[in-house]
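Visitor: On the provided structure of chain W, position chain A as indicated by the hints.
2 protein chains.
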Amino acid sequence: MKSLPVFLMGCGGVGRQLLQHIVSCRSLHAKQGVHLRVVGVCDSKSLVVVADVLTAELDDSFLLEVCRVKSNGSSLQTLANSSVCQVFSGPEVIRKVIDIGLLGKSTGLAFVDCSASAETIGVLNQVVDFGCCVVLANKKPLTVQMEDYDKLVSQPRRLRHESTVGAGLPVIASLNRIISSGDPVYRIIGSLSGTLGYVMSEVEDGKPFSQVVNAAKSLGYTEPDPRDDLGGMDVARKALILARLLGRSLNLDNMKIESLYPEEMGPDVMPLEDFLVNGLPLLDQKIEDGIKQASANGNVLRYVCLIDDARCEVGIQEVPKDSALGRLRGSDNVVELYSRCYEKQPLVIQGAGAGNDTTAAGVLADILDIQDLFP
Amino acid sequence: MKSLPVFLMGCGGVGRQLLQHIVSCRSLHAKQGVHLRVVGVCDSKSLVVVADVLTAELDDSFLLEVCRVKSNGSSLQTLANSSVCQVFSGPEVIRKVIDIGLLGKSTGLAFVDCSASAETIGVLNQVVDFGCCVVLANKKPLTVQMEDYDKLVSQPRRLRHESTVGAGLPVIASLNRIISSGDPVYRIIGSLSGTLGYVMSEVEDGKPFSQVVNAAKSLGYTEPDPRDDLGGMDVARKALILARLLGRSLNLDNMKIESLYPEEMGPDVMPLEDFLVNGLPLLDQKIEDGIKQASANGNVLRYVCLIDDARCEVGIQEVPKDSALGRLRGSDNVVELYSRCYEKQPLVIQGAGAGNDTTAAGVLADILDIQDLFP
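Chains W and A are the protein sequences, given in the same order.
Taking the UniProt record's numbering, the leading residue of the first sequence gets 1, the next gets one more, and so forth.
Taking the UniProt record's numbering, the leading residue of the second sequence gets 1, the next gets one more, and so forth.
Next comes chain W alone, as it looks inside the complex:
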């Protein structure tokens, strides 16, 4: 049985779901000859780690206890009385995390970032140097400035990040296969926000934009402040991740990112309630006009990421009504990829692109996929 040491940063919904998946897959992974040995877990404030990281592990009942504690909103400190682990807090955390990263040199380590923090890149770049494998659900380490990015991807076989684009949808794995087979990618166009996909397909049916956004918020499809979705930054990060995989040297601030609300309705200027009640309706007409114009061309509007030789941008585009993108309904993600092998008809990957379950499943598949790098 091969033992894969795993360290997890981030105990939000995705991180907790990952721990639960790991526990529930024990017999499956045993059949595959692999055991995931979780040596530690941290959030932004505290760290729980086994006393002997070289041999011990947090057992399954403890991992489920971590999930319970965190989903109750309690601190990992609560677990300090357990005899199976040590708990650290405050400035000690980072130092101790780096210590754990040294496992990369001896037994190998899957260093998993399920946080949403922009601050993990420093730690990640250090543990990459130690020889750790890094698995990311967190997009932010991949959308830092190029210099830090280049360090992070310096050992590309040791880095996996399927769940940073389209959650568990096999977008990154498929793109990496196409790249390594020498098939040149001409164009990627996709709807990579379930929220914006839902909004754009609903307004297509004639409903006012303001009404659709408010309904989406009520259904829990949007962030608490829908401007976090409508601004396009989340989609832009995904586009940047794809473009950089294709070898493009780009930063977020070079990209054209279309926001669906104007600056004067931004979170710093207009309170949320005001935006929802008074701001949004002012945007209805422009969207309606765009839909009519597109329809006259046999097209529909989608909020897409678009990457080709000339462009890496996100925003509203007209797409053919009868394409995979054009036929998209609801909150599924879809990616169309054009290359020499998929020249006239694209390679299409479509499905749920959000949710803790599928995101954590993508992370887990990544961890299993690097098993051959472990001694």
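Don't read these hints as lab results, they were simulated from the structure.
A portion of the hints provided could be inaccurate.
Put simply, identical chains are the same to the list, so a pair is met inside one copy or across any two.
[Unchecked claim] No farther apart than 35 Å at their CA atoms in a straight line, the calculated lysine-lysine pairs in the DSBU-like style are these:
1. Lys31 with Lys344
2. Lys344 with Lys207
3. Lys321 with Lys207
4. Lys105 with Lys140
5. Lys256 with Lys31
6. Lys344 with Lys217
7. Lys292 with Lys256
8. Lys139 with Lys217
9. Lys31 with Lys2
Guide: Just chain A now, with coordinates in the frame of chain W:
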């Protein structure tokens, strides 16, 4: 630079395209730190191999010469005068191939089967025992009786076969990810024959079945004898490969395989010309009736592979008009996969599922994907 020894069985269209891809990807792979060292190539009659398999390689100009020789319909024997290699023929070939397989024990070896032969399973099972990695475009080694299959897959990490289903489409890679993440697959339904996909979407438009099949044959979309497509055996092999990946213990002869022509029109009974002119038109009415019936239910007919808890079968099924399968036009393949993560809306993978270029690209991506298993 990591050196990956590669041995190729089969110099048909896919094998030759693979050699060309390997040559044209030299600088790309060098950037990735990998060099594919082709130590030998064989077809069913002859074997070309470097004198020292531990260190030497067939150089790029020689590989392209192999492609030229084989696409001219000449024998690999033609290359016997070259000083860079040894050529073997007849009964010596198998013995020598096994010798090459011994590389698996020392340097590792990617043993690639791009033939269409049912006879390679014996050799493959021997080299698997030596520790070789096996990469297949050939479906037949995966559709043998379970006992031989179980031997072949005994080291699952050392076996890749993306191009056996949907050519280079990332179907197997995606399914393997889903399996290893513990996401239970409830149902796979797909159109895995470009020919039958084309035929079923054309007859949907009201054209007679006989006319569509004859047109497809003229366009080169079918095998020389279209009954090789219409019989469903090729789709059945793909379905069996997927079902066995899901852990089902099944053989081809347990499967329900619907043929689109009756036994009395089979190749042993009716000459091809007779089938095309007189046989096919007798089948038009049944297909037309089926389409009308489906249409009354809001459905269309597709020739699908269908795998769920109860079934692993191939044949004509009614599918919803507005599903990915129902919207399929032309010769693209499409796979819909339902699992816990993709429960209401399936994970959909769609695109060109045939052609030497994309099939060989899938094989090459598989070879690159096993690089971590090499010393």
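Visitor: Decide, hint by hint, whether the structure agrees.
Guide: Verification of the supplied hints:
Taking identical chains as interchangeable, the C-alpha atoms of Lys31 and Lys344 lie at most 35 Å apart only when they sit on different chains, with a minimum of 29 Å there against 42 Å within one chain. Both within a single protomer and between protomers do Lys344 and Lys207 lie at most 35 Å apart by alpha-carbon distance, with minima of 33 Å and 24 Å respectively. Within a single copy, Lys321 and Lys207 get their C-alpha atoms as close as 18 Å, and across copies as close as 25 Å, so both meet the 35 Å cut-off. Taking the shortest alpha-carbon separations for Lys105 and Lys140, only the intra-copy value of 25 Å comes in at or below 35 Å, while the best inter-copy value is 42 Å.
When the C-alpha separation of Lys256 and Lys31 is checked against a cutoff of 35 Å, the pair qualifies only between copies, where the shortest distance is 30 Å, while the shortest distance within a copy is 48 Å. For a Cα distance limit of 35 Å, the shortest separation of Lys344 from Lys217 across copies, 21 Å, qualifies, whereas the shortest one inside one copy, 38 Å, does not. For a Cα distance limit of 35 Å, the shortest separation of Lys292 from Lys256 inside one copy, 24 Å, qualifies, whereas the shortest one across copies, 49 Å, does not. Only within a single protomer do Lys139 and Lys217 lie at most 35 Å apart by alpha-carbon distance; the minimum there is 23 Å, versus 49 Å between protomers.
Taking the closest pair of Cα atoms, Lys31 and Lys2 come within 35 Å of each other both inside a single copy (11 Å) and across two copies (30 Å).
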